[in-house]
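S.K.: Sequence:
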Amino acid sequence: MGDNQSNMAHSIQVNKEHYFRLGYVKKERWANFWRQIHLVVESDAKSTLEVGIGSGIVADALRKMGLQVQTLDIDPALQPDIVGSVTAIPLPDKAVDTALAAEVLEHLPWEEVPRALAELRRIARRHVVVTLPYAGSIIAFTVKIPLTPWMSVMVKMPHFWKKHVFDGQHYWELGKRDRSLSQFHVLLKDAGFTVREEGHTPDDPSHYYFLLSV
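So the sequence shown is numbered by UniProt numbering: it starts at 1 and just counts up by one.
Careful: at least some of the hints might be erroneous.
[Said to hold, decoys possible] Label pairs and their computed distance ranges (CB to CB):
#1 ILE145 x PRO92: 45 to 55 Å
#2 GLN79 x PRO146: 22 to 32 Å
#3 SER206 x GLY168: 36 to 46 Å
#4 LYS189 x GLN13: 39 to 49 Å
#5 GLY84 x LEU147: 20 to 30 Å
#6 ASP178 x TRP34: 27 to 37 Å
#7 VAL153 x ALA77: 18 to 28 Å
#8 ASP167 x LEU147: 20 to 30 Å
#9 PHE166 x PRO146: 45 to 55 Å
#10 GLU42 x ILE139: 22 to 32 Å
[Unchecked claim] List of simulated lysine-lysine pairs, BS3-like, C-alpha gap at most 27 Å:
#11 LYS94 x LYS189
#12 LYS46 x LYS144
#13 LYS189 x LYS156
#14 LYS64 x LYS94
#15 LYS163 x LYS144
#16 LYS94 x LYS162
#17 LYS189 x LYS27
#18 LYS162 x LYS189
#19 LYS162 x LYS144
#20 LYS144 x LYS189
#21 LYS156 x LYS27
#22 LYS144 x LYS156
Treat the hints as calculated values from the structure; they're not laboratory data. Heads up, the beta-carbon is just placed ideally off N, CA and C, and yes, glycines get one too.
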């Protein structure tokens, strides 16, 4: 990877207003927020680092649920607790119970993702939560039968024939050519993670989540 590409990967890609508009906080995004919160709380964390503060909604909710939350972002305008990159997190080893990186890794060139995963694993005592965009076509339906919980069924076909083109934000996306789910599993294994839970959220099928044990 050339110096210019590396510098772009560690530069601010959108202004802060990007996160505070209806086009961003749409219904599917709230399902994404719910999944992030659920996974962090499910991991039995008392402390967490959120990498990529975005709108701040997830961090605010976790704080109000009693967790000790630190935030990290490369953009000081978003007012994170720590200004820095996921590839060089300025925290000591095992600093928090659970690290959260939601829609962060795709903003790095693929070659830098192993370094980011290593950093997330280094600063987490127990778990890491990762969510990523997943390109594909979807067939889904939800059913509610009296006296039973809601049931959702979803089938997603990856866009494996499409080559991803850098759009100013995403260097790659799962489901596209040369960026399969199995390839990302290899990166997780090489980083020393165990996948504890993974999948799509029915109301947010364009993203894929992982709950990882360190």
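S.K.: Next step is simple, just say for each hint if it's right about the structure.
M.R.: Status of each hint after checking the structure:
1. Between ILE145 and PRO92, the C-beta spacing of about 51 Å keeps the proposed range 45 to 55 Å intact.
2. In this structure the supplied range 22 to 32 Å is violated for GLN79 paired with PRO146, their Cβ-Cβ distance being about 48 Å.
3. The hinted range of 36 to 46 Å is not satisfied by SER206 and GLY168, whose Cβ atoms lie roughly 18 Å apart.
4. Against the hinted window of 39 to 49 Å, the Cβ-Cβ separation of LYS189 and GLN13 comes to about 29 Å, which falls outside the hint.
5. A C-beta distance of roughly 51 Å is found between GLY84 and LEU147, which places it outside the suggested range of 20 to 30 Å.
6. Taken as a hint, the range 27 to 37 Å holds for the pair ASP178 and TRP34, whose Cβ atoms sit roughly 31 Å apart.
7. Distance hint check: the CB atoms of VAL153 and ALA77 are about 42 Å apart, inconsistent with the given range 18 to 28 Å.
8. Separation of ASP167 from LEU147 is about 47 Å and departs from the stated range, judged on CB atoms against 20 to 30 Å.
9. A hinted range of 45 to 55 Å holds for the C-beta pair PHE166 and PRO146, which are about 49 Å apart.
10. A C-beta distance of roughly 28 Å is found between GLU42 and ILE139, which places it inside the suggested range of 22 to 32 Å.
11. As the CA atoms of LYS94 and LYS189 are separated by approximately 19 Å, the hinted pair is consistent with the 27 Å bound.
12. This hinted pair does not check out: LYS46 and LYS144 have alpha carbons roughly 35 Å apart, beyond 27 Å.
13. For the proposed pair LYS189 and LYS156, the alpha carbon gap of about 24 Å is at most 27 Å, so the pair holds.
14. Taking the CA atoms of LYS64 and LYS94, the gap is near 23 Å; set against the 27 Å cutoff, the hint holds.
15. Of the pairs offered as hints, the one joining LYS163 and LYS144 is violated, with about 38 Å between alpha carbons and a cut-off of 27 Å exceeded.
16. For a cut-off of 27 Å, the pair hint linking LYS94 to LYS162 is broken: about 39 Å separates their Cα positions.
17. Between the alpha carbons of LYS189 and LYS27 the distance comes to roughly 33 Å, so the proposed pair goes past 27 Å and is violated.
18. Straight-line distance between C-alpha atoms of LYS162 and LYS189 comes to about 26 Å, which keeps the hinted pair within the 27 Å bound.
19. Proposed proximity of LYS162 and LYS144 is contradicted: the alpha carbons are some 35 Å apart, above 27 Å.
20. For the hint linking LYS144 to LYS189, the alpha-carbon distance of about 38 Å lies beyond 27 Å, and the restraint is violated.
21. In summary, the hint linking LYS156 to LYS27 is supported, as the alpha carbons are separated by about 19 Å, within the 27 Å threshold.
22. Only pairs whose Cα atoms come within 27 Å are accepted, and LYS144 paired with LYS156 is accepted, the gap being roughly 21 Å.
Hint compliance for this structure: hints 2, 3, 4, 5, 7, 8, 12, 15, 16, 17, 19, 20 are broken, all remaining hints hold.
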